[in-house]
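Residue numbers (my numbering), protein chains in the order written: chain F, 163 to 466; chain A, 163 to 466; chain E, 163 to 466; chain R, 163 to 466; chain X, 163 to 466; chain Z, 163 to 466.
To be clear, the hints were calculated from the coordinates, so they are not data collected in a lab.
Keep in mind that a hint or two might mislead.
Note: identical chains are not told apart, hence a pair may lie in one copy or across any two.
[Unchecked claim] Straight-line C-alpha distance at most 16 Å; calculated EDC-like pairs for lysine to aspartate or glutamate:
| hint | residue 1 | residue 2 |
| --- | --- | --- |
| 1 | Lys221 | Asp405 |
| 2 | Lys247 | Asp210 |
| 3 | Lys364 | Asp218 |
| 4 | Lys335 | Asp434 |
| 5 | Lys364 | Asp253 |
| 6 | Lys294 | Asp461 |
| 7 | Lys208 | Asp434 |
| 8 | Lys277 | Asp210 |
| 9 | Lys294 | Glu177 |
A quick note: this is a predicted structure, and the numbers were derived from the prediction, not measured.
Chain by chain, the residues:
Protein chains: 6
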Amino acid sequence: MTERLVYLSGELVPESEAKISIFDAAVNLGHCVTDSARTFRHSPFKLDQHIARLYDSLKVARINPGITQQDMLAATLDLLERNLKLYRAEDDCWIVHNVSAGMAPMGPSPVQSSKATIMIANQPLNLTGWQKYYHEGCHAVTPFSRQIPSQSLDARIKNRSRMFYTLAEQEVKIVDNDAQSVILDTDGFVAENKGGNVFLVKNGVVRTPTSINGLAGVTRQTTLEICDTLGISREETRLLPYDLYTADEVFFTSTPYCLMPATRFNGLPVGDGQVGPVSQAILKGWFDLTGVDVIAQADAQINS
Amino acid sequence: MTERLVYLSGELVPESEAKISIFDAAVNLGHCVTDSARTFRHSPFKLDQHIARLYDSLKVARINPGITQQDMLAATLDLLERNLKLYRAEDDCWIVHNVSAGMAPMGPSPVQSSKATIMIANQPLNLTGWQKYYHEGCHAVTPFSRQIPSQSLDARIKNRSRMFYTLAEQEVKIVDNDAQSVILDTDGFVAENKGGNVFLVKNGVVRTPTSINGLAGVTRQTTLEICDTLGISREETRLLPYDLYTADEVFFTSTPYCLMPATRFNGLPVGDGQVGPVSQAILKGWFDLTGVDVIAQADAQINS
Amino acid sequence: MTERLVYLSGELVPESEAKISIFDAAVNLGHCVTDSARTFRHSPFKLDQHIARLYDSLKVARINPGITQQDMLAATLDLLERNLKLYRAEDDCWIVHNVSAGMAPMGPSPVQSSKATIMIANQPLNLTGWQKYYHEGCHAVTPFSRQIPSQSLDARIKNRSRMFYTLAEQEVKIVDNDAQSVILDTDGFVAENKGGNVFLVKNGVVRTPTSINGLAGVTRQTTLEICDTLGISREETRLLPYDLYTADEVFFTSTPYCLMPATRFNGLPVGDGQVGPVSQAILKGWFDLTGVDVIAQADAQINS
Amino acid sequence: MTERLVYLSGELVPESEAKISIFDAAVNLGHCVTDSARTFRHSPFKLDQHIARLYDSLKVARINPGITQQDMLAATLDLLERNLKLYRAEDDCWIVHNVSAGMAPMGPSPVQSSKATIMIANQPLNLTGWQKYYHEGCHAVTPFSRQIPSQSLDARIKNRSRMFYTLAEQEVKIVDNDAQSVILDTDGFVAENKGGNVFLVKNGVVRTPTSINGLAGVTRQTTLEICDTLGISREETRLLPYDLYTADEVFFTSTPYCLMPATRFNGLPVGDGQVGPVSQAILKGWFDLTGVDVIAQADAQINS
Amino acid sequence: MTERLVYLSGELVPESEAKISIFDAAVNLGHCVTDSARTFRHSPFKLDQHIARLYDSLKVARINPGITQQDMLAATLDLLERNLKLYRAEDDCWIVHNVSAGMAPMGPSPVQSSKATIMIANQPLNLTGWQKYYHEGCHAVTPFSRQIPSQSLDARIKNRSRMFYTLAEQEVKIVDNDAQSVILDTDGFVAENKGGNVFLVKNGVVRTPTSINGLAGVTRQTTLEICDTLGISREETRLLPYDLYTADEVFFTSTPYCLMPATRFNGLPVGDGQVGPVSQAILKGWFDLTGVDVIAQADAQINS
Amino acid sequence: MTERLVYLSGELVPESEAKISIFDAAVNLGHCVTDSARTFRHSPFKLDQHIARLYDSLKVARINPGITQQDMLAATLDLLERNLKLYRAEDDCWIVHNVSAGMAPMGPSPVQSSKATIMIANQPLNLTGWQKYYHEGCHAVTPFSRQIPSQSLDARIKNRSRMFYTLAEQEVKIVDNDAQSVILDTDGFVAENKGGNVFLVKNGVVRTPTSINGLAGVTRQTTLEICDTLGISREETRLLPYDLYTADEVFFTSTPYCLMPATRFNGLPVGDGQVGPVSQAILKGWFDLTGVDVIAQADAQINS
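Excised from the complex, chain F in its bound form (with noise of 0.2 Å):
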């Protein structure tokens, strides 16, 4: 095997070969739910939670994926196992699913009709697009555009229909190429990153909005523990742009990075401009707690 192989509703296909048709409710209605997990040291990580989460947002979007959460998570594991050959020992790879009604004839009624399409892939984990921020920090940027807010639909869930996202985080590259976006919801509170969640951290309290207007995120609540085992306190409460001002930290968690620290947010330095202490103890609690040192992992893959 030279290809890593995508396992494309029942069948294992070459990732180049891995296609749709363009009449799947994953294009036709974004009628797709996904989540994203990742390997550390080849290990998957809470891959549990993650199907479970998948499977929470197949029953809220009415997606019958066809197969019991056991047999996804056996198709996800033996998937692994296969393309993990292809893989060095020092890299890591994503396990992303995406699972969309199927089938989707244009007419009155969306509702599911055909077999759901189930999409499993492991693509590298190319963090080269993040390194340079575990050392200088990314510039943490609002965008003007507001959360879509939970009466329309619920960030939680996860979805393919990220249009709004992919809006937001292209306004806030307007500002800076190393933007990263502070997504505010409809009454201007912190939301969430577009694909990650915010934490500041203020005389040495680590304070992260509320699931309650974001993604639930696992690397955000791994990130809690982690604040737990290493006796800082931490608070999920809401929180405004001027806390972020303010604040003597600003980070992002998301599942490919652990940890991306902010040092600029709009235009002003976050507290002394640098990365700061707390969020480097978390990075390192993440390296106790995986065995993977990601700054260097992304270290190592600029330098290849």
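For this one, chain F is given, so just place chains A, E, R, X and Z on it according to the hints.
Using the frame of chain F, we list chains A, E, R, X and Z on its own:
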């Protein structure tokens, strides 16, 4: 040729082979805009307006299609000419465009980094799902989820991140299999239907929401023009469920069916519970304008 | 005495003659506050709390009842003692107070200008409408109309201007005759049921909205206390439909039925679609607290 | 006959005996719609419009009155004829309808389950409370509570669940006994008065809010028609307190008093603090339309 | 006289000595209203309208200026006559009024307790900051902060509590030094620029927001009148960023520069990215109306 | 020295000569942040916290003060030492900082372009305006205007653009000269007082809004600490007018007066209408903490 063709980023491929990568932005990010026109007696209707709107959507979605509006039109007409040979004279077809931002690598930025994926298709215009509503009316029902507000994602960017619409439409199906959604905005005003616009008739005046919180439908616009032709007063305004409850007639408009009467609203009869005279007059106006009696077309499909 | 009595502004009259003028503020202005308690084994339950809440409602509604809280309690107990003679030992009764601002002349000012109208009644506690839900669960359904916001009228003023609740509850009946409402507030968060509170159980934790956007129910409070007694974790927080879709159990609480399980939510099963163990444990807790097995009481009423 | 009669669900009873059960939906649920017309020189004014609006309210409130609109009109006129015999020529009377969903048993469903309760009454049109405002103007004051939004309860369902209005009107009485409410909606725009509509005059143009967030008053509509007759420009638009502060004239309209000038707004004089010429012209227009000089009628009542 | 004078509460003082106490309400409370007019060819333009608006602002801000509108006009013209002697023929000047509530002692009440502070100044109209935008257009950018809603502070009270505007304008400077703000309201609709109004041109029609959520600009009004004179259709309506993205032309209007073209919007070109013909026609209309070619005036200032 | 001095951008000038240009950003743009501390027995109280907050405000307001936090503190203490010589032992004084962005030329950008204007003053702490409220309580009244939302301007940027507060406070004065404002946010929740925070006591528990929609007051924080010292339970939460109507005690906190009881709320008595025991205990706690009996201090000022 025995199978319809699809235009796929410059290639013509049979519909059954029209597939895109699961790593395309259409799948991964819902970063895909769209437009749907139809033919009447095998002639495309207001195709230039549809393509102009497609290019407006592309601009705001920050997708570079890579070809000009003129080339898009030419490719569309060429494809249509080929496909129409497979259609019976009495049938018509969709002209559907999807344009995504192309291959979307996972990473910190969703800015388009590869050639757009352009999909043009001409599926048959199957009216059988709506046919009985021309005669009996459908059941207009209000879902509890609220339209995505414009400050999150403007509904006029006609796009494929349609999870919200898909879920809202499924909410009304738990009331009645013949239910069609009347979606409210976050202030409770009538916005639109999952794929069309909402109108009412009261004391001879046709009223529909302004297009500020819903799709600026081409069919909606044509309906207003037919009203003008027929000397029917019409008004674009804000509407509430109360207005629909107390209306004499209610109907939807959309590209495939032109006008679909609703004879019940949230379980109560609209007017006398029959398809009303203004609805019928406007459907007659469509016939006069296009040469196609859509009711007859739908009836013929049911009977064939 | 062969007919229950009603306390009507100081007089005791037979229920069938308990009438008020059509010019009373209760009729003309909905300017009437209320509270509903019940007996368990013929003993009033937390009656003092109900009457204290009634006086809070009176104050905020700017109605002077004309008698003290102590006299109200005495009148209530006296009436109850008389009426209970007509009840079988196995049955219980409502203790309902309505207090309006009295006769309301039409004119520029709705300030109370005459003696309050005080109504106290003890109708039988008929559980037959809810009986089957103890066994099968009801269908929790979300109406599209939104809770009156607190800045218009605080739901904690327990009052008889209940048109909103009445219409919201009728909206869910078009889904299912066994539907009970889960009303959302104008931000889409779960507020309350038309006459009760909403709870869910997830991973063994009982969760219910804070009482800021819904009735501060006495039964709700008692349920939380039963959780504490039973060592069940519980949390007052903000909840969204997503939380109910993905819950293990959902239930309502209200004075007459104590706890009513819901086994479906908007057409989907809650958990495994059966009445769950935590719901059953709390109902058992009510039995232990009050000496009344409300399920048995309801079953007996059905069979009698 | 020495006492006015009331039509009570088919019976004619003396006003002092016009009573309903305390278990009626009008009392228990505020589930009661209403409309109020008046006579001018003993002739009912636009009674058909009032009754048509009553039937719109009934439909949306899901109350079946049990009699046709024609029978309701006939019963109303019959009652009026009887009662007018008790009126002096110079006086006029209210024509008030209340229709509730009838007896409302306590239980899981508020769907109407018994015959509607229909109440029609003809109380004297007592203008003494408003009389001095014709000459001096009243004090328009903004309460801090906000209009119930349409997505909770549409103000055009003219109903008796008036707790909100009653409390808002009492809020302005703590400013001034001559205060009349100018209620704002939840966005801060002028909605309506507790029982009427709000108008202003600026540079000769009469302006009033659209009826989307307030009662669609018959008197409001008649006032606009009088403006047209008199050649006064008028506009339906959104208004803010700023517009009232800087207006030349402010007035209210409602069935009993037709037009009531306001010469102060939140403690500041409106224009020069006197009843203005446009207000006077419109009042003269009412005289021309109805044959009744309401100011003279009010003055006579004060003096009698 | 070698230095311009300032009118300061009845005194004429040199500009460099025009100072107020740090305990003035203008400093301590931002309790200061303002208006800014300009001259064309040394003649004040619509000065009476500006002063009338100033007095509207004063009334709503509850500041008593202590002098009549006539005296304010006289003082303004007298000052202008004196100061114009120092101006070259080709230059023009501001006519700026600030009126505060005077000395403001700290304590429980901010009610005006001393003589108003009246400031009138005639600074040179320096167009050099805007000059290049006449030729190249500026960059219209949307800040993430939202316009103060009218229910908090009506933007039509033209006042000096401008912290919000100042911060919003600085937010757009982090995108581009040539950025000018397009401020959105809390629903995401276009409100205004920090000191001007926003217009677009689409298919030959000029469109601008109604003045309900932004300043009712005199320049805005004059622009609409110029459109009428030139036979250009124009509409006051609600606008969203989508409308600006898809417009043919975008421009701002304000007292000093009359009309400022914007050729980019949030990083994308407006139309073809050039100053458009309608913008040019309206600037020509200003020339015809005032006798001043503001572009030439700006160019001359750059070159001098 | 016979007159107090003011620190004005590095100079010490007599208070009567402490003036700034009318072209300063403090006047022209309200671009001025502030903080107010006080002395107790001539010692500054928590001055470092006040100055830290000032520097947070400066950062978010994008004003560069030009001097370090340490230098600001030194200048403040130096000034205080000089001015205290003019105070009697029994009196105390304000320590007020204002820092504006300096001279503000009119033009396209409000970015700070000159040296900041720094004003430090020590006016006498005159408690006579509040004195009687310590004994009788004031009248807490709700204005109809709503707090500026955080997404427009975060209240924690303590700034001098106080027009909103000034108008809201004047609205409540039309109810009662002894009225103090209880400002609501745009959702109707209690935000703050024009210059202080709002607390209530119910069943022995002290409750105050979280600081997310109001000033994060130093006095508020001290009050919570006093509660902890005294063993009084306290909670930061969302509060509505209902909570104040039904509270046992209500009070305000602010730097000058520490705690001010309110014994009426919107015309109704709070509790029994007397200053309550918890309010008195906390005032006693202030005495214990600071050595100053503020009531005695206020009484002495009245009597002197």
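To see whether the hints hold, each was checked on the structure:
| no. | hint | result |
| --- | --- | --- |
| 1 | Lys221 x Asp405 | between (36 Å within a copy, 12 Å between copies) |
| 2 | Lys247 x Asp210 | neither (22 Å within a copy, 52 Å between copies) |
| 3 | Lys364 x Asp218 | between (34 Å within a copy, 12 Å between copies) |
| 4 | Lys335 x Asp434 | neither (23 Å within a copy, 22 Å between copies) |
| 5 | Lys364 x Asp253 | neither (34 Å within a copy, 37 Å between copies) |
| 6 | Lys294 x Asp461 | within (8 Å within a copy, 45 Å between copies) |
| 7 | Lys208 x Asp434 | neither (35 Å within a copy, 24 Å between copies) |
| 8 | Lys277 x Asp210 | neither (24 Å within a copy, 36 Å between copies) |
| 9 | Lys294 x Glu177 | neither (29 Å within a copy, 45 Å between copies) |
In this structure, the hints that do not hold are numbers 2, 4, 5, 7, 8, 9, in rising order.
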